[in-house]
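Peer 1: Protein chains in written order, with the UniProt record's numbering: chain G, 1 to 551; chain X, 1 to 438.
Read the hints as simulated data drawn from the structure, not as lab findings.
A virtual CB, placed ideally from N, CA and C, is assigned to each residue, including glycine.
Keep in mind that a hint or two might mislead.
Straight-line alpha carbon distances no greater than 20 angstroms define the calculated EDC-like cross-link-like pairs of lysine to aspartate or glutamate that follow [as the list claims (entries may be wrong)]:
| id | chain 1 | residue 1 | chain 2 | residue 2 |
| --- | --- | --- | --- | --- |
| 1 | X | Lys305 | G | Glu383 |
| 2 | G | Lys536 | X | Asp100 |
| 3 | G | Lys412 | G | Asp367 |
| 4 | X | Lys305 | G | Asp479 |
| 5 | G | Lys196 | G | Glu33 |
| 6 | G | Lys536 | X | Glu368 |
| 7 | X | Lys340 | X | Asp377 |
| 8 | X | Lys305 | X | Asp360 |
| 9 | G | Lys531 | X | Asp100 |
| 10 | X | Lys148 | X | Asp215 |
| 11 | X | Lys147 | X | Asp215 |
| 12 | X | Lys305 | G | Asp89 |
| 13 | X | Lys355 | X | Glu343 |
| 14 | G | Lys531 | X | Asp377 |
| 15 | X | Lys305 | G | Glu33 |
| 16 | G | Lys531 | X | Glu30 |
| 17 | X | Lys355 | X | Asp104 |
| 18 | G | Lys132 | G | Glu121 |
| 19 | G | Lys27 | G | Asp89 |
To list a few chain X residues with every Cβ distance to chain G over 10 angstroms, as calculated [unchecked claim]:
| id | residue |
| --- | --- |
| 20 | Pro18 |
| 21 | Leu56 |
| 22 | Ala64 |
| 23 | Glu318 |
| 24 | Glu353 |
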Amino acid sequence: MIIGIDVGGTHADGVLLEGARLVAKHKVAVDQEHLSESIISLLGALVPNDRRQLERVHLSSTLATNAIVTGNLDPIGMLIQAGPGINPDFLANNGPTWFLDGAIDHRGHIIRDPDLRLIDEAVAAMLEAGIKSVGIVTKFSHRNSLHERFIADRLGARFPHICMGHQISGLPNFPRRVYTTWLNASLTARFAQFEKAIEQGLTQLGVDCPCHILKADGGTIPFARAIEFPCESVHSGPSASVMGCLALADQSEDAILLDIGGTTTDISLLVDGTPLLEPYGINIAGRPTLIRALNTVSIGLGGDSTVAFADDAFRIGPRRSGPPMAQGGTTPTPTDALVVLGLLAVGSAEKAAAAMQCLCPGEPPADTASRLLTAFAERISQEVAAMIDSVFSRPVYTVSALLQRRRITPEKLIVIGGPAAALKQSLENCFNLPCLVPTDYEVANAIGAARTQLTVQATLYADTADGRVSIPEISCLEDISNRFGMAEAESKLEQVICGIASDMGMTGRPTIDFLERLEMNVIRGFETSGKILNLKAQIRPGLADIQGEQP
Amino acid sequence: MTSFMPRALNRTALILFPAFDWCISPTHPEREERLLYTRDQLIEEGLEDVDNIVFLNPELASHADIDRVHLCAPSSHKLLTESHLISAGATLRVARAVMDKEADNAFAIVRPPGHHAMQTVFGDRGFCIVNIEAIMIEYIRRHYGVKKIAIVDTDCHHGDGTQDIYYNDPDTLFISLHQDGRTLFPGTGFIRESGGPAANGYTINLPLPPNTGEDGFDMVMERVVMPILDEFKPELIINSAGQDNHYTDPITNMNFTAQGYARLNQRLNPDICVLEGGYSIEGALPYTNLGIILAMAGMDYSHVKEPDYDQARFRQPEEMTKYIAGVCDKALEVFENRGKSKEEALKKKVVSERKNIFYDTTGFNVDEVRQYHLCPDCPGFTEVTATSPRARIHAYTVPFNACPTCQRTARDLFGATQPIPQTITALQDRVADIYETK
Numbered sequence: 001m002i003i004g005i006d007v008g009g010t011h012a013d014g015v016l017l018e019g020a021r022l023v024a025k026h027k028v029a030v031d032q033e034h035l036s037e038s039i040i041s042l043l044g045a046l047v048p049n050d051r052r053q054l055e056r057v058h059l060s061s062t063l064a065t066n067a068i069v070t071g072n073l074d075p076i077g078m079l080i081q082a083g084p085g086i087n088p089d090f091l092a093n094n095g096p097t098w099f100l101d102g103a104i105d106h107r108g109h110i111i112r113d114p115d116l117r118l119i120d121e122a123v124a125a126m127l128e129a130g131i132k133s134v135g136i137v138t139k140f141s142h143r144n145s146l147h148e149r150f151i152a153d154r155l156g157a158r159f160p161h162i163c164m165g166h167q168i169s170g171l172p173n174f175p176r177r178v179y180t181t182w183l184n185a186s187l188t189a190r191f192a193q194f195e196k197a198i199e200q201g202l203t204q205l206g207v208d209c210p211c212h213i214l215k216a217d218g219g220t221i222p223f224a225r226a227i228e229f230p231c232e233s234v235h236s237g238p239s240a241s242v243m244g245c246l247a248l249a250d251q252s253e254d255a256i257l258l259d260i261g262g263t264t265t266d267i268s269l270l271v272d273g274t275p276l277l278e279p280y281g282i283n284i285a286g287r288p289t290l291i292r293a294l295n296t297v298s299i300g301l302g303g304d305s306t307v308a309f310a311d312d313a314f315r316i317g318p319r320r321s322g323p324p325m326a327q328g329g330t331t332p333t334p335t336d337a338l339v340v341l342g343l344l345a346v347g348s349a350e351k352a353a354a355a356m357q358c359l360c361p362g363e364p365p366a367d368t369a370s371r372l373l374t375a376f377a378e379r380i381s382q383e384v385a386a387m388i389d390s391v392f393s394r395p396v397y398t399v400s401a402l403l404q405r406r407r408i409t410p411e412k413l414i415v416i417g418g419p420a421a422a423l424k425q426s427l428e429n430c431f432n433l434p435c436l437v438p439t440d441y442e443v444a445n446a447i448g449a450a451r452t453q454l455t456v457q458a459t460l461y462a463d464t465a466d467g468r469v470s471i472p473e474i475s476c477l478e479d480i481s482n483r484f485g486m487a488e489a490e491s492k493l494e495q496v497i498c499g500i501a502s503d504m505g506m507t508g509r510p511t512i513d514f515l516e517r518l519e520m521n522v523i524r525g526f527e528t529s530g531k532i533l534n535l536k537a538q539i540r541p542g543l544a545d546i547q548g549e550q551p
Numbered sequence: 001m002t003s004f005m006p007r008a009l010n011r012t013a014l015i016l017f018p019a020f021d022w023c024i025s026p027t028h029p030e031r032e033e034r035l036l037y038t039r040d041q042l043i044e045e046g047l048e049d050v051d052n053i054v055f056l057n058p059e060l061a062s063h064a065d066i067d068r069v070h071l072c073a074p075s076s077h078k079l080l081t082e083s084h085l086i087s088a089g090a091t092l093r094v095a096r097a098v099m100d101k102e103a104d105n106a107f108a109i110v111r112p113p114g115h116h117a118m119q120t121v122f123g124d125r126g127f128c129i130v131n132i133e134a135i136m137i138e139y140i141r142r143h144y145g146v147k148k149i150a151i152v153d154t155d156c157h158h159g160d161g162t163q164d165i166y167y168n169d170p171d172t173l174f175i176s177l178h179q180d181g182r183t184l185f186p187g188t189g190f191i192r193e194s195g196g197p198a199a200n201g202y203t204i205n206l207p208l209p210p211n212t213g214e215d216g217f218d219m220v221m222e223r224v225v226m227p228i229l230d231e232f233k234p235e236l237i238i239n240s241a242g243q244d245n246h247y248t249d250p251i252t253n254m255n256f257t258a259q260g261y262a263r264l265n266q267r268l269n270p271d272i273c274v275l276e277g278g279y280s281i282e283g284a285l286p287y288t289n290l291g292i293i294l295a296m297a298g299m300d301y302s303h304v305k306e307p308d309y310d311q312a313r314f315r316q317p318e319e320m321t322k323y324i325a326g327v328c329d330k331a332l333e334v335f336e337n338r339g340k341s342k343e344e345a346l347k348k349k350v351v352s353e354r355k356n357i358f359y360d361t362t363g364f365n366v367d368e369v370r371q372y373h374l375c376p377d378c379p380g381f382t383e384v385t386a387t388s389p390r391a392r393i394h395a396y397t398v399p400f401n402a403c404p405t406c407q408r409t410a411r412d413l414f415g416a417t418q419p420i421p422q423t424i425t426a427l428q429d430r431v432a433d434i435y436e437t438k
C-alpha cells in the first residue's frame with residue numbers, strides 16, 4: 001500500500017492506495033508555520049493498522065515554495081566564476097556574492113585558474129558574516145567541474161553546507177545554474193529540519209517504510225536525497241495534479257490536462273501520453289532555474305473569478321473577490337453561470353440569476369450564463385493554443401529536426417478540479433474534443449503523489465580529442481580513449497542513471513529515454529582530431545507499476 | 001522589483017541555426033562543427049532568458065524567393081538543398097520580425113553563407129550557392145515596399161556576389177570592408193569596382209591590407225562608412241556579418257577582435273545582421289557572435305574577450321594606418337562622384353560588360369556578358385548571357401525600381417527570343433514578381 005499526500009496552501013489531501021484502489025482518503029487544514037505537524041496528523045489518519053502493508057509514503061511539500069515566497073531563506077554566500085561573456089554583475093542581486101577570476105571555455109578547457117587570494121578573502125568575509133551555507137558556480141562547469149570542486153576543497157570543513165552547480169544539473173545555462181545553486185543552498189538547513197521532524201513523526205506512528213518527496217517534474221526523490229537537493233521539492237503541486245490525471249485517466253495520445261480551481265486554471269500537455277517538460281526548468285521568484293519541471297501554465301481563471309462585461313465581451317479574472325453571488329458574494333462569477341444553467345447546485349439560484357442580470361441587464365440570465373461559459377472556455381483554448389505554439393517554436397539545431405517538427409494535436413481533454421464536471425459541455429463545445437472528468441478527481445493530486453515513480457536525468461559530454469568524459473551529475477570527469485564512441489557513451493550514461501535509480505531505491509531496470517544525442521567530428525587542419533559526444537537521458541515521469549490486484 | 005536577468009535595451013530577434021547535420025564535405029571549413037561552440041557559448045550565457053531577446057526558428061524559403069534574385073542553371077530546384085532553403089528562409093524570418101516590429105533588430109546566425117553567390121548561379125562558389133542577403137532584400141522590397149537599403153559587408157572576403165547582384169542599382173548602397181583582393185579569395189573588391197553605369201558610386205570597396213586590426217576598422221567606420229550612410233539615408237541597414245577578420249581565423253590574415261566586431265556593430269547599428277564567413281570556430285566565433293549580439297541588444301559587451309586577447313598585440317604600425325587613410329580618401333571620392341557617369345552612359349543606350357566567374361568549389365569558369373539597357377527614368381533592365389562548361393543562361397532581368405517602359409521592353413525581347421537547347425532563357429521581372437523560363 002502507498003500513501004500519497006498533496007499539500008496545498010490551505011489544505012492537505014491524503015490517500016491510501018492499494019494498487020490503484022482507493023482504500024482511504026482524508027483531508028486536514030494546513031498551518032504553513034507548522035507544516036510537519038499537519039502532515040503527521042494526516043498520515044496518522046491514513047496509515048493502515050498493519051504497518052507492514054505500507055510500502056512507501058509519497059509527500060509533496062510546500063516548505064521550499066513557502067520559504068521562497070515569504071523570503072524566509074538561510075543567509076548564504078555565493079562564489080561565482082564567470083570568465084569571458086556577458087557582464088556577470090546581475091548575478092549578485094541574490095545577496096552576498098564574490099566573483100572569482102578563473103575561466104573555463106565552452107569546450108571545458110581551463111583558460112585560467114582562479115586566484116587563491118580571492119577565494120581566501122571570500123572565505124574570511126563569509127566566516128566574518130556568519131554564513132554557513134555556500135553555493136559555488138563556474139561557467140561551463142557542466143563541461144568541467146574541476147574549478148567548482150577545487151574551490152569547494154579550499155573551503156573545506158569550514159562551512160557545513162557547500163553546494164556546487166554541476167551536481168544540480170548537467171544542462172547548460174550559467175545564470176540558471178547560479179540561481180538554482182543559490183536556491184538550493186538557501187534551503188538546505190531549513191529542509192533538513194523539516195526532514196528530521198517528519199522522520200520523528202513517522203517513527204512515532206510506527207512507520208519505517210521509505211518516504212519520497214514529490215518533484216516538479218512529475219517524479220519523486222527519496223527524502224534522504226532531497227536533503228542534498230531541496231530545490232527539487234519546489235513547485236510540486238502542478239506535478240501532483242498532472243500525475244493524478246494520468247492515474248485516473250491513463251492515455252497514450254496527445255491530450256490537454258486542465259485543473260480548474262476557484263481562482264486559477266493549471267494547463268499542461270501530454271505528448272503521446274507523457275507529460276511535457278520545460279526545456280530547462282521553472283522560474284522561481286523571478287529567477288530562471290534548472291529545476292526540472294513539467295511545462296505547466298497557470299492562468300488567473302477559475303470558478304470564483306471576478307467577471308465584468310464591457311465592450312460586448314466578458315472579462316474573467318484574474319482576481320477573485322470573495323465567493324460567487326449565489327453563495328452570498330458581491331461580484332458575478334463563472335460559478336453563478338453554472339448555477340443558473342443548473343449545472344451546479346450550490347447556493348441560491350435567484351442570486352445567481354441576479355449575477356447574470358448585473359452583467360447584462362435585460363438579457364435572459366440563461367443566455368448570459370451560456371455566453372459567459374463560452375467565453376471561459378475560449379480563454380482556456382487561447383492559452384492552450386499559445387502553449388502549443390511555444391512548444392512548436394522551441395529552438396532546433398538540425399535540418400532534420402526542423403523538417404520533422406510535429407505540432408501537438410490533442411485528442412482529448414482531461415479535466416479535474418471543483419467546477420470540472422459542470423464545465424464539461426462548454427469545454428467540449430469550444431475545443432471540439434471529448435472531455436473526460438475522472439471520478440475521485442477531488443483527490444486527484446494526492447493520488448498523483450501516491451502513484452508517481454522516481455525520475456532521474458543525467459548528461460554526458462565526451463571529447464575524444466581531449467580524451468575526457470564529463471558526467472556532471474555524479475561529478476565524473478574521467479579519461480577516455482580516442483575510440484570512445486556513441487555506443488559506449490550510451491551504455492555509460494545508462495549505467496549511471498541505473499546506478500542513481502538503484503541508490504534511490506528503485507528495484508528492477510528502469511526504461512531510459514535518450515532525449516539528446518549529438519555526435520560531432522572535431523576537425524583541425526583538415527584532419528579529424530576526435531569526436532564530441534553530447535547526450536542527455538532520463539527516466540521519464542510516469543506511473544509506477546501497480547503491484548498486486550488490479551482495480 | 002529586483003531584476004534577476006539583464007534586459008536588452010533593444011528588442012533583438014535571433015535565429016541560431018547551426019545545421020549540425022549539413023556540410024560541404026566532412027573536413028571542409030563549412031562543416032557541421034562550425035557553429036557548435038557558438039551555440040554552446042550563447043546557450044551557456046543564458047541569452048534565451050534575457051528580457052527582450054527572442055529566439056526564432058528559421059523557415060524554408062520558397063523557390064520563388066530564390067528565383068526573384070537568382071538566375072539558376074539548371075534551376076533553383078536542382079541546385080538547392082533544404083539546408084540552403086533554410087538558411088535563406090532564416091533571413092526572411094528575421095526580416096519579417098524587424099519589418100513587422102516584432103523586434104527592433106535581428107541577427108540570423110545561420111549557415112551556409114551567401115555573399116559570394118552572384119546573380120547567375122551554376123553551383124557552389126566560396127561556400128555559397130544563393131545570396132541570402134539579396135534574397136532577403138528583394139523579399140523586403142516585394143512585401144514591404146522598402147526602397148533604399150544599405151549593405152555593409154564586414155566579412156574578410158570581398159562580397160563579390162552581393163556586389164554583382166546590386167552593381168547597377170542606385171537604391172542599394174553596397175559597402176564592403178575586406179582583406180585586399182591581391183592577397184585573398186575571391187581576388188576582387190578593388191576601389192575601382194564602383195558600380196554599373198546607372199549606379200556608379202553606389203558600390204564602395206575598402207580593400208584593407210593584411211594584419212589590419214581594431215584601429216584600421218575603427219578608422220574606416222568613422223571616416224567612410226558612417227558618413228556615407230548618413231548621406232545616403234537608407235531605410236534599412238544590413239550587415240553581412242562575416243567574422244573572419246578575426247586574428248585567429250585560419251584562412252585569412254587580419255587582426256580584428258570580438259571587441260572590435262562589437263564596437264563596429266554598435267556604431268553601425270544595423271537593422272539586420274546575417275552571418276557570413278568566419279572559420280575560427282573555437283577561438284573567435286563564440287566571442288564575436290556574442291559580442292555582436294550584445295552590441296545589437298544594447299547590452300554591455302566589455303567582458304566579451306577571447307581567452308588570449310591582448311590589445312597591445314594588435315597595435316597597427318604607423319605606415320599601415322597611413323595606407324588605410326589613403327584607402328579611405330579614395331573611397332570617399334568614389335562616393336562623392338556617384339551618379340556622374342550616367343549621363344555619358346545614357347548616350348550609348350546599351351553598355352556591355354564582360355567578366356569571368358570562377359567557381360572554386362568544383363573548379364570551373366563561367367563567361368558572362370551583361371548588357372545594361374540604360375534609361376533616363378530608371379536604372380534600366382539588363383540582358384545577361386552566361387556560359388559554363390555545362391549550361392548556358394540567357395536572361396532579361398528587370399530590377400524592382402524599373403519604369404513601365406523598361407519592364408515592357410524586357411518582356412517583349414524575352415517574347416521574341418527563340419529558345420535554344422541547353423540554354424535557360426529567362427525573364428526575371430522583379431516589378432511584377434515574375435520568373436519565366438523557356
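Peer 1: A separate judgement is required for each hint: does it hold in the structure or not?
Peer 2: Quick rundown of the hints versus the structure:
no., hint, in the structure
1, X:Lys305 x G:Glu383, "violated, 42 angstroms"
2, G:Lys536 x X:Asp100, "violated, 37 angstroms"
3, G:Lys412 x G:Asp367, "violated, 27 angstroms"
4, X:Lys305 x G:Asp479, "violated, 30 angstroms"
5, G:Lys196 x G:Glu33, "holds, 16 angstroms"
6, G:Lys536 x X:Glu368, "violated, 52 angstroms"
7, X:Lys340 x X:Asp377, "holds, 15 angstroms"
8, X:Lys305 x X:Asp360, "violated, 34 angstroms"
9, G:Lys531 x X:Asp100, "violated, 42 angstroms"
10, X:Lys148 x X:Asp215, "violated, 30 angstroms"
11, X:Lys147 x X:Asp215, "violated, 33 angstroms"
12, X:Lys305 x G:Asp89, "holds, 16 angstroms"
13, X:Lys355 x X:Glu343, "violated, 24 angstroms"
14, G:Lys531 x X:Asp377, "violated, 59 angstroms"
15, X:Lys305 x G:Glu33, "violated, 49 angstroms"
16, G:Lys531 x X:Glu30, "holds, 17 angstroms"
17, X:Lys355 x X:Asp104, "violated, 40 angstroms"
18, G:Lys132 x G:Glu121, "holds, 16 angstroms"
19, G:Lys27 x G:Asp89, "violated, 47 angstroms"
20, Pro18, "violated, 5 angstroms"
21, Leu56, "violated, 7 angstroms"
22, Ala64, "holds, 19 angstroms"
23, Glu318, "holds, 31 angstroms"
24, Glu353, "holds, 37 angstroms"
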